[in-house]
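*Asks:* What follows is each chain in one-letter form.
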Amino acid sequence: MSVPILAARDLTKTYGRGPDRFDALKGVSLEIQRGESVAIVGKSGSGKSTLMHLLALLDTPGTGQIHVDGTEAQDLSGRRLNALRNTLFGFVFQQFFLNPSSSVLENVALPLKIAGVGPRDRKRRALEVLEQLHLGDKAKNKAAHLSGGQKQRVVIARALVNNPQVLFADEPTGNLDTATGRIVEDILFDLNRNSGITLITVTHDHELAQRFERRIYIRDGQLITSDEEHAA
Amino acid sequence: MKPLEILKTAIANSVRSKLRTTLTILAIFVGAFTLTITNGLGTGISNYIDSQVAAVGSSNSFTVSKASTNTAPGSGPQKYDPNTRVLAAGGRPGATELALSQADLSAISAVPGITAVTPVTRVSPAYIEWNGHDKYQLSVLPLSGAQPQLAAGANLDDSSSQAQIVLPVSYVGPLGFSDNNQAVGQSVLIGIDDAEGKIHEVGAQIVGIEQSSLLGVSGGFINKPLSTGLADAQATGAPAAAKNAFADATATFAPSTQAQINTMKSRLSSEGYTAQTLDDRIGTVKTVINGIIGVLDAFAVIALVAAGFGIVNTLLMSVQERTREIGLMKAMGMGSGSVFALFSTEAAFIGFLGSAIGSLVAIGLGTVVSRALARGPLSDLGGLHVLSFAPASVAGVILLVMAIAFVAGTLPAWRAARQNPIDALRYE
Ligand SMILES: Nc1ncnc2c1ncn2[C@@H]1O[C@H](COP(=O)(O)OP(=O)(O)OP(=O)(O)O)[C@@H](O)[C@H]1O
Ligand SMILES: [Mg+2]
Chain A
1 MSVPILAARD
11 LTKTYGRGPD
21 RFDALKGVSL
31 EIQRGESVAI
41 VGKSGSGKST
51 LMHLLALLDT
61 PGTGQIHVDG
71 TEAQDLSGRR
81 LNALRNTLFG
91 FVFQQFFLNP
101 SSSVLENVAL
111 PLKIAGVGPR
121 DRKRRALEVL
131 EQLHLGDKAK
141 NKAAHLSGGQ
151 KQRVVIARAL
161 VNNPQVLFAD
171 EPTGNLDTAT
181 GRIVEDILFD
191 LNRNSGITLI
201 TVTHDHELAQ
211 RFERRIYIRD
221 GQLITSDEEH
231 AA
Chain B
1 MKPLEILKTA
11 IANSVRSKLR
21 TTLTILAIFV
31 GAFTLTITNG
41 LGTGISNYID
51 SQVAAVGSSN
61 SFTVSKASTN
71 TAPGSGPQKY
81 DPNTRVLAAG
91 GRPGATELAL
101 SQADLSAISA
111 VPGITAVTPV
121 TRVSPAYIEW
131 NGHDKYQLSV
141 LPLSGAQPQL
151 AAGANLDDSS
161 SQAQIVLPVS
171 YVGPLGFSDN
181 NQAVGQSVLI
191 GIDDAEGKIH
201 EVGAQIVGIE
211 QSSLLGVSGG
221 FINKPLSTGL
231 ADAQATGAPA
241 AAKNAFADAT
251 ATFAPSTQAQ
261 INTMKSRLSS
271 EGYTAQTLDD
281 RIGTVKTVIN
291 GIIGVLDAFA
301 VIALVAAGFG
311 IVNTLLMSVQ
321 ERTREIGLMK
331 AMGMGSGSVF
341 ALFSTEAAFI
351 GFLGSAIGSL
361 VAIGLGTVVS
371 RALARGPLSD
381 LGGLHVLSFA
391 PASVAGVILL
401 VMAIAFVAGT
411 LPAWRAARQN
421 PIDALRYE
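Just so you know, the protein sequences line up as chains A and B, in that order. Per our numbering, the first sequence starts with residue 1, numbered consecutively. Per our numbering, the second sequence starts with residue 1, numbered consecutively.
What the hints contain is simulated information worked out from the structure, not anything from laboratory work. All values derive from a computational prediction rather than experimental measurement. Do not rely on the hints blindly, as some may be mistaken.
As the list claims (entries may be wrong) - Lysine-lysine pairs mimicking DSS-like chemistry, simulated, CA-CA at most 30 Å apart: (1) A:K142 with B:K18; (2) A:K151 with B:K8; (3) A:K43 with A:K26; (4) A:K138 with A:K151; (5) B:K135 with B:K198; (6) B:K18 with A:K140; (7) A:K43 with A:K151; (8) B:K135 with A:K142; (9) A:K138 with B:K8; (10) A:K138 with B:K18; (11) B:K198 with B:K224; (12) A:K123 with A:K140; (13) A:K123 with B:K2; (14) A:K142 with A:K123; (15) A:K140 with B:K2.
Construct the complete structure from the given sequences, taking the supplied hints into account.
*Replies:* Spelled out as structure tokens, the structure:
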């Protein structure tokens, strides 16, 4: 079997200290192969977002290791780490984190700006992704003036603009009506199937979870083998 | 992120919250304005002093006299020596001024570096008169390298055989002229007492009128032929020996470094002469003025330091406000160095705006005020521009303020840079 793109071993994460101490993750191990589509399913507060942040190298675990394409993440230099965040990973946050006073185009082009891409290429590439997500006509609008579903798509466009190999999406359809949610889902699966992007998605929606190749269930910071609630 | 992109983003960020940025800029403005004004004051006054100094004498000459044998209080009188000649005139009580002889002049000119030695004969005219108008007292000074600032006419010509004089502007009216231009070219008579008390009259032509000045003596400048003429008239009937005794001499030298000048000075002093350059005589005035301007500068810098805290505050608020944005950018792979650069560039930009506006307003206002003063209350001091602005020192002020702003920005910038992306994104 080839080297997994992401491998986690015995991850723990503890927030706070003393009486406020809370163990959000209690020893999570998993492997994700290149090109897989994986759903992370669990109740609210079970630690799904925390796990995603660790896997995307946005936060550091209390103990345990993460290997990215065979490399131990802790050994990465700051520069390499930033390059990974910028080009290897795309992240769709549960809250959108759009800059409301900037235009949609500027929001989407931000990762390219950070990467040092020139203004013309930035604009071209950002418009391309926006077209792909049926938002070409909103490029010049202020991000604040969009509907929830449009914002969700802008955030996905921003995650995709730098052609990442791994796309993390934290409840990408949670804020959407069924029809729009369906469109966004189709876009994500299309990327997974046709562009070979590894897709890691957090969801509450069991119907949606069934569309993924693999599901990872989490409860109280630990992985469980099956969806007990629904099995029951 | 590319440097140009960082600069653009920093500028865009600083204009995002206009009111806060404006207030910070205002604080910096006050400091930069003050600093530019004090700087202009320094430049203006020292320019004026330099031009005034040039009017009094040349910078590459010594005034040499015999080291006076000061009678220190309580040390008793000096023993008489038939070989030293004493000048009767003037001096502080207790100090005896010794005369220079022909032998002294040759000794001075033998000092390496000295190119010429001219004895200074003191001539004391009794009066000056024009065309039968009232007579006025007059003191005169040989030119010896001085460059008087003229209000009308031309400078003296030492090589001409004609007796010439440059008069201060204050003599124009009293002597009976209607204005400066009428006086130029007119012949005047200068009366002088000889050794026996008899009055001789020597003719001279007015070639120029000197602006009133700060350091200038209120007397006329005379050229060589006139000075010789007056000296001869004054010496009529005096014993021959007195003719060859001089109070002091002007020793000129080729343009030299300060070290060379010091060597010549110590050489002269080891031979028993006192040598002073113009700078020695003017130096104290300059030191006092520089001191005053230094104090003013210090106040301006205090204002700037206060403005620096304003910058710290503004940027800390802006870092706080943009915590999530910083988190997002870091999550997308922006390095800590770039985040730091972004915020410190913003600080430097705010500093640049404040100081550029402050300096420009100071230059504009200062120039207007300085012109008004030169025309009004200070019109007696011709050529004085109280405020003048040298491009280099204005640029220096702007750079200094930017540096202060940059330093002030480092604390907030560092706080922004070290944030963990997820913690920053969670910030509510
Ligand atoms: N910064 C923090 N400080 C303290 N506790 C935290 C922090 N972040 C998360 N937690 C706690 O860790 C647990 C897991 O949080 P996490 O955000 O991973 O949940 P989640 O599974 O994504 O839930 P949801 O489906 O509601 O998004 C929660 O109980 C939460 O209160
Ligand atoms: Mg979550």
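*Asks:* Checked against the structure, which of the hints given earlier come out wrong?
*Replies:* Going through the list in order, the structure violates hint 8 alone and respects the others.
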